[in-house]
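Trainee: Each chain, written out:
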Amino acid sequence: MQLDEVGRAELNRNLTALADGERHAFDPVYRALWPLLVRFIAATSGDRALAEEIAQRAMLKILTKVTTFDPSRDALAWSLAIAINEYRSFRRKRSHATCDLQESAALAIPEHDTPEAIAMRDNLHEAVREVLAALRPTDREAIVAAIHAGPRPPVSAAAFRKRLQRAIANARHLWKRHYDDDRP
Amino acid sequence: MTMIAPDRFIEHARRAYEWGRLEHAALQSSVALLLIAISVAVCQESARSVAIGASLFALAIGFLWHGRTAARAAHAGLKAGMLAFAIPIVVLHGYFGADCGIMTVLIVNALTGLVVGILLSVQAMRLGGRCYAYLFGAGTLVILSGTLGCLFFGPIGVAGMVVGYFVATAPVMVYRGATA
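Sequence lines, in order, name chains P and H. Throughout the first sequence, residue numbering follows this note's numbering, covering 1 to 184 in sequence. Throughout the second sequence, residue numbering follows this note's numbering, covering 1 to 180 in sequence.
So here's chain P without its partners, still in its complex pose:
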């Protein structure tokens, strides 16, 4: 970040004053930090528009937490650490949101009869049959009984639940081995 030693020392002084309750240090801190945060996040993310949004979040977090700022620490490093955390948390949230979207899209098996939908359904059925065929007979029996509500093996309900849980875990494991992962 482009901040010389004098600017850095001034930021340290102003942030310490702001942490102590000196309201007149607010504007200098804001003016010094804002361009630094935007440049830093833009350089990290490579997206200027996103950088401004994350910089806003980071600035709000910095100002909310400034009372806990330890004057023995470097103000710039402390602020940028908060900014990078905000950026990481934004990316994490966005990737979760994307995952949820992809998962729901993947779960929605096409029901119409276009050639693509038919091919997709056939592929999925084939994949499921392969995985079921590779399972141990007891696991296969438990899963088929649970799906079709058919006759259950002669065991107690609790033992069946446990067996079904184990069977699903094994099926997931096999699916992951054959098709990388069962979730996008």
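The set of hints was computed from the structure by calculation and includes no laboratory data. Incorrect hints may have been included.
Said to hold, decoys possible - Pairs of lysine to aspartate or glutamate, EDC-like flavour, derived with a Cα cap of 20 Å:
1) K176/P <-> D7/H
2) K79/H <-> D20/P
3) K65/P <-> E45/H
4) K176/P <-> E130/P
5) K61/P <-> E45/H
Predicted, not measured: the structure shown is a model, and the values here were computed from it.
Starting from the structure of chain P, add chain H where the hints point.
Mentor: This is chain H only, laid out in the frame that chain P set:
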């Protein structure tokens, strides 16, 4: 969170700063809630304990939120206040119990005020011209905390503590006034 218009963002930032200070102040003042709970249990004067404790809590939050000398006074006042709260409870309730007379209450509380006053005066000496505000702010919190601890003994206990605190801090105030 969506992006806030740049011209309005500075106001949001100011609000975030003030809210952050208030939140932090409330967290640090929460020790007053503990004192209220103990006072209610020991002194059995629930209404007065809650009223005085709430004043202590609100004042500590106000000082800490404001910052600067007031915040330093609040930090010191809450720490010293725990001493001023604990000594009357331990000595008067725990040791003397039913044999406790007015004279004993007066002496114990005056000594407590004196000890706490000396401790705060030593710290106030380092603050130069701001020592009046510091001693006044910290003293107010100490007296409120002490009052919570000796509600059972009435105004005489509080008066003893105020006198002790004043005797201990007066020399510092006079000295600072003379050298200012």
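Trainee: For the pair supplied as a hint, K176/P and D7/H, is the alpha-carbon distance within the 20 Å limit?
Mentor: Answer violated: K176/P to D7/H is near 51 Å, above 20 Å.
Trainee: With the threshold set at 20 Å, check whether the alpha-carbon distance from K61/P to E45/H stays at or below it.
Mentor: The given pair, whose Cα atoms are some 42 Å apart, is violated under the 20 Å limit.
Trainee: Decide if the proposed pair is consistent with the structure: K65/P and E45/H, CA atoms, cutoff 20 Å inclusive.
Mentor: violated (38 Å)
Trainee: Below or equal to 20 Å on CA atoms is what counts here, so check K79/H against D20/P.
Mentor: holds (19 Å)
Trainee: Given the hinted pair K176/P and E130/P, is their Cα-Cα distance within 20 Å?
Mentor: Within the cut-off at roughly 13 Å; holds.
Checked against the numbered hints given earlier, this structure breaks hints 1, 3, 5; the rest are met.
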